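A.B. asks: In case you want the letters, here they are:
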Amino acid sequence: MSEAVIRPFSLKSPLRILSSLRLTVICLGLGMLLVFLGTLAQVHLGIHAVQARYFQSLLIYWSPPGTGWKIPVLPGGYLLGTVLLVNLITAHAVRFQLTRKKLGIILLHFGVILLLTGQLLTGLFARETQMRIDEGQTLGYSEAPREVELAVIDVTDPNFDQVVAIPEEVLARGGTIQSPTLPFTLNVRQFMGNAHLAMRSQEPQAPPSQATTGPGKNIVVAEIPRTVKDDERDLSAAFVEVDGVQGPLGTWLISNAIPDPQGFTLNGHTYELAMRQRRFYKQFALTLLDFAHDRYAGTDIPKNFSSRVRLIDFERNENREVVISMNDPLRYRGFTFYQSGFDNNDKTTILQVVKNPAMLLPYIACGLVALGLVVQFSMHLFGFVRKRTR
Amino acid sequence: MKTSRPWILWLVAAATFAYVVAPLFQSDTWGGFEMRKFGRLPVLLNGRIKPLDTVARNSLLIIHGKQTLATDHGTLTPIDWLAEVLMKQDEADLRKVFVIRNSETLTALGLSPEAGKYFSFREFVPHLQELEQQAALAQKVDPQLRSAFQRDIIKLFERLTLYHRLKNSLEVEGTVNFKSQIDDLVKNIRPSPVPMNTGISAEALQSLGFLAETGYFFPIPPFPPNDDPLQWRKMGESLVAFLTEGKLHLAVNSWATMATAFAANDPATFNKTLDNYAAQVQRDLPRRVWKAKVESVFNQLQPFYSAMVIYVLIFILAAGSWLVWPKALGRYAFALLVVTFIVHSGGLITRMYLEGRPPVTNLYSSAVFIGWGAVLLGIFLERFFRNGIGSATAAMIGFITLLIAHHLSMDGDTMEMMRAVLDTNGWLATHVVCVTLGYASTFLAGFLALTYIVRGAFTPSLDRATAQSLTRMVYGIVCFATLFSFVGTILGGIWADQSWGRFWGWDPKENGALLIVLWNAIILHARWGGLVRQRGLMVMAVFGNVVTSWSWFGVNMLGIGLHSYGFMDSAFPWLIAFGASQIAFMMIGLLPTHLWRSQFEKAKSPAPTQVVDVPA
Chain A
5 MSEAVIRPFS LKSPLRILSS LRLTVICLGL GMLLVFLGTL AQVHLGIHAV
55 QARYFQSLLI YWSPPGTGWK IPVLPGGYLL GTVLLVNLIT AHAVRFQLTR
105 KKLGIILLHF GVILLLTGQL LTGLFARETQ MRIDEGQTLG YSEAPREVEL
155 AVIDVTDPNF DQVVAIPEEV LARGGTIQSP TLPFTLNVRQ FMGNAHLAMR
205 SQEPQAPPSQ ATTGPGKNIV VAEIPRTVKD DERDLSAAFV EVDGVQGPLG
255 TWLISNAIPD PQGFTLNGHT YELAMRQRRF YKQFALTLLD FAHDRYAGTD
305 IPKNFSSRVR LIDFERNENR EVVISMNDPL RYRGFTFYQS GFDNNDKTTI
355 LQVVKNPAML LPYIACGLVA LGLVVQFSMH LFGFVRKRTR
Chain B
3 MKTSRPWILW LVAAATFAYV VAPLFQSDTW GGFEMRKFGR LPVLLNGRIK
53 PLDTVARNSL LIIHGKQTLA TDHGTLTPID WLAEVLMKQD EADLRKVFVI
103 RNSETLTALG LSPEAGKYFS FREFVPHLQE LEQQAALAQK VDPQLRSAFQ
153 RDIIKLFERL TLYHRLKNSL EVEGTVNFKS QIDDLVKNIR PSPVPMNTGI
203 SAEALQSLGF LAETGYFFPI PPFPPNDDPL QWRKMGESLV AFLTEGKLHL
253 AVNSWATMAT AFAANDPATF NKTLDNYAAQ VQRDLPRRVW KAKVESVFNQ
303 LQPFYSAMVI YVLIFILAAG SWLVWPKALG RYAFALLVVT FIVHSGGLIT
353 RMYLEGRPPV TNLYSSAVFI GWGAVLLGIF LERFFRNGIG SATAAMIGFI
403 TLLIAHHLSM DGDTMEMMRA VLDTNGWLAT HVVCVTLGYA STFLAGFLAL
453 TYIVRGAFTP SLDRATAQSL TRMVYGIVCF ATLFSFVGTI LGGIWADQSW
503 GRFWGWDPKE NGALLIVLWN AIILHARWGG LVRQRGLMVM AVFGNVVTSW
553 SWFGVNMLGI GLHSYGFMDS AFPWLIAFGA SQIAFMMIGL LPTHLWRSQF
603 EKAKSPAPTQ VVDVPA
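Protein sequence lines correspond, in order, to chains A and B.
In terms of this note's numbering, the first sequence opens at residue 5 and continues consecutively.
In terms of this note's numbering, the second sequence opens at residue 3 and continues consecutively.
Hints in this document: simulated from the structure, not taken from any laboratory.
Remember, it's a predicted structure, so these values are computed and weren't measured experimentally.
For each residue, glycine too, the CB sits at the ideal point set by N, CA and C.
Just to be clear, a hint being listed does not mean it is correct.
As the list claims (entries may be wrong) - Pair by pair, the computed Cβ-Cβ distance ranges are:
| id | chain 1 | residue 1 | chain 2 | residue 2 | range |
| --- | --- | --- | --- | --- | --- |
| 1 | B | Pro145 | A | Ile30 | 37 to 47 Å |
| 2 | B | Gly531 | A | Pro361 | 27 to 37 Å |
| 3 | B | Leu593 | A | Ile30 | 22 to 32 Å |
| 4 | B | Ala138 | A | Trp73 | 25 to 35 Å |
| 5 | B | Gln284 | A | Pro361 | 40 to 50 Å |
| 6 | A | Gln206 | B | Gln135 | 46 to 56 Å |
| 7 | A | Trp73 | B | Leu593 | 34 to 44 Å |
| 8 | B | Lys68 | A | Glu207 | 54 to 64 Å |
To be verified - Partial list, computed: chain A residues near chain B (C-beta under 10 Å):
| id | residue |
| --- | --- |
| 9 | Gln46 |
| 10 | Phe164 |
| 11 | Gly302 |
| 12 | Phe341 |
| 13 | Val373 |
Excised from the complex, chain A in its bound form (with noise of 0.2 Å):
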């Protein structure tokens, strides 16, 4: 062993580190323990809490059973991507040449760090709703299918509805909710991202329910842990007081579980009060016209879903007709219009909507790393053929 070199400090050192295949490597094996332990997760948690535990994260953490303790000990999807990518950079930055030997190296790195981004600015900024429409039924927003907001509606005029929407993320804070376009404010006394409900008739021992008006009085309620299934969805319910200049008008259980508006009427106007799937309103709207779902002779395996559908959109001045099936979606204005499922006896469709700024970055980066890695093996495999055959 030779003796030890004493390195003045330097910003080499921490540049050769962050530059270094050996980091590389590291990454990439925990990258592979994440994935593995990420999918092996699924089986209990669900393919969303998954994702947003494990690769839309910084870390990971683990609980004792038994304590409160969040003890980190893996690096989450995010963290990882991060580090890979300034170590990618680093390196080429730190180590480029632009020779014949090393493009193909460089295409395939920059196709890496392209997917990388926009795999990072899909989790951040991608939306994907849904649309449930019914034969003959025009619609024109989509629903989160794991979010649900509080809908204030003054039904009053006939001609148009006025919607305050509260969103779910502010219903869970709880606390008193004010807007300037109502006359009272609303105070969330309990929020339940998924609960069971049950007639009292049936749990005659159940303690008195909070709501003090409306149908929520004979309803007993009990908060139960999210779904993890991707086919459920969460009923959620809340306990909400309306304050009105005079004093309480009274607290409603709301639930998207309640199907009928509950209402109250407050200085001539109506109010309707909905517990509800998240929208998002579009500036166009799609009429269903037909749900079609074709099987293979003799047997109940699904050949194909298609919807027809028609487009309108008074903006553009676009009003046609448009088939959405499956592998061929609809692509209008930011938003991709995909078959994903149906309902009711084949006289529903679900449409999955998805608006992702980033969606073309992968094609791009696809193409990038395939002709990186053919240039890169191509010209090893033609080096020792060569030296093979001389």
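Fit chain B to the given chain A structure using the hints.
C.D. replies: Leaving out everything else, chain B in the frame of chain A:
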């Protein structure tokens, strides 16, 4: 090439060829009935028009677990057996065709384990009620939580149902003279939109309804003849349609005549009717008949089965060449490998033609294709390095993957229709093919590394030159694997983006593919960074086998995600055993070199003398 004689080479190739085509020369008839011709008649089942022979083979595989049925008087082919089931049910009921391997099932049904594992339908009759009750109990349990017994009893119940439906596909079982029944029907019926008003007896109407309901496959082609699969009819459906429309499809008569002649042991009438009917279908649907014929020849040849057997021989020859007669044995192995590859490819291409699809459409075909890809790469390696390693490794993977495919085929038809989202040849041809080639090459690299470790640690045969050429092979194949798995995985993301708007959803199968990409990238970066050398590369490549087998099979066993193919509990212990064996080989690969039998590394390293290990 003085040690090898060309005529031996030709002899080896010719013998292989003879082995492959031998099944075509089996007898065409059974007791005077032209069974092969009968097996080629096209019928519709599960959305696909296929020869009756395919229906027979898949049904026998599901019920019996084998493609032939041994009896006291020789072996029955699948179509012989099916003919009995369809037309002579009394005798079919006596055949010991149902296999039960689970002793709990036997006990629960009150059957004696001493009686063997094969039972006839007749032997089940007293236990049917019990079986139905047990199956109903098991059905109530969530599929993933069922015990081995519960799964077995449900499977048995499904097999009995299949058998029952087959028996009632052409005629109601026990019918004495089906032909004369139909003649009576034609004579006495006054067609009416309401079947009750046609003058048919309530009993006869009920039995037609039963036939329409229970029948398993659709033997009656469209009339007027056309290519639409939706217009094929079951026997019962055609007869009910006759009541209302007054027109009887000629095919109904032909099938009924054959059934009656077969039951009456009258080969002359049977063969004549069969000839006429086959000629008629040939005129009406020439393309379908041609495909059915191709499929039936394909069934008979079983190219993947013969290839599987020959791969074993190739492995023995190639591995033998490392010990004796390297040139001669190596050449024979290579020649055989090429011939077998042609057989393997022939099977693959025939499947693609029959399905009208790219090569990989389900788990079964992925196994066939992984083997094919690995053998193709192995041939290239052997062509360059000529040391038997390419041949031996390729043959080994070819054998294992085809064996896996053979077991996967036990579930029935391997050419299923593609569910809506998968019904796109473009993506099947690009994403799926790329990812599967990625699997194939990662496996190849892993098995090459196994060769290195096994030869190095257990035999003295690994010299420096071989070790170096193995290193080059593994490195090259890992590069190849990286390319295909990366591109394939991203193409999968793009497909997902195209069909449900999500480039990457962290679905288990996607994650599995990503693991392979990451592992291959790790190997390459570790090598470039000098973190591993020759043996390290080999050990890492072996772990590639673990990663790939997880991604190929393991994630399917999680039973979740958009890609899951169903629960394959029986394969699970095998997967674990495979993983454990690979880890064991990695451990051996990490042993200090002085424990290895081959001492090639010593010569290479210019190590100072004092480092040489103490002689034991």
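A.B. asks: A separate judgement is required for each hint: does it hold in the structure or not?
C.D. replies: Hint by hint, here is what the structure shows:
In this structure the supplied range 37 to 47 Å holds for Pro145/B paired with Ile30/A, their Cβ-Cβ distance being about 41 Å. The hint said 27 to 37 Å for the Cβ distance between Gly531/B and Pro361/A, and at roughly 36 Å that hint holds. A beta carbon spacing of about 25 Å between Leu593/B and Ile30/A agrees with the range 22 to 32 Å that was offered as a hint. Separated by about 49 Å at the C-beta atoms, Ala138/B and Trp73/A break the suggested range of 25 to 35 Å.
Separated by about 59 Å at the C-beta atoms, Gln284/B and Pro361/A break the suggested range of 40 to 50 Å. Distance hint check for Gln206/A and Gln135/B: the Cβ-Cβ separation is about 33 Å, which falls outside the suggested range of 46 to 56 Å. Trp73/A and Leu593/B have their C-beta atoms about 41 Å apart, which keeps the hinted 34 to 44 Å range intact. At roughly 58 Å, the beta-carbon separation of Lys68/B and Glu207/A lies within the given 54 to 64 Å, and the hint holds.
Because the beta carbon of Gln46/A sits about 6 Å from the nearest beta carbon in chain B, less than 10 Å, this interface hint is met. The restraint placing Phe164/A at the interface with chain B is violated, with a minimum CB-CB distance near 32 Å, outside the 10 Å limit. For Gly302/A, the suggested interface contact is upheld, since its CB lies about 6 Å from the closest CB of chain B, less than 10 Å. Annotation: Phe341/A was flagged as interfacial toward chain B, and the flag holds, the nearest CB pair being 8 Å apart, inside 10 Å.
Proximity of Val373/A to chain B holds as hinted, the smallest CB-CB distance being about 6 Å (cut-off 10 Å).
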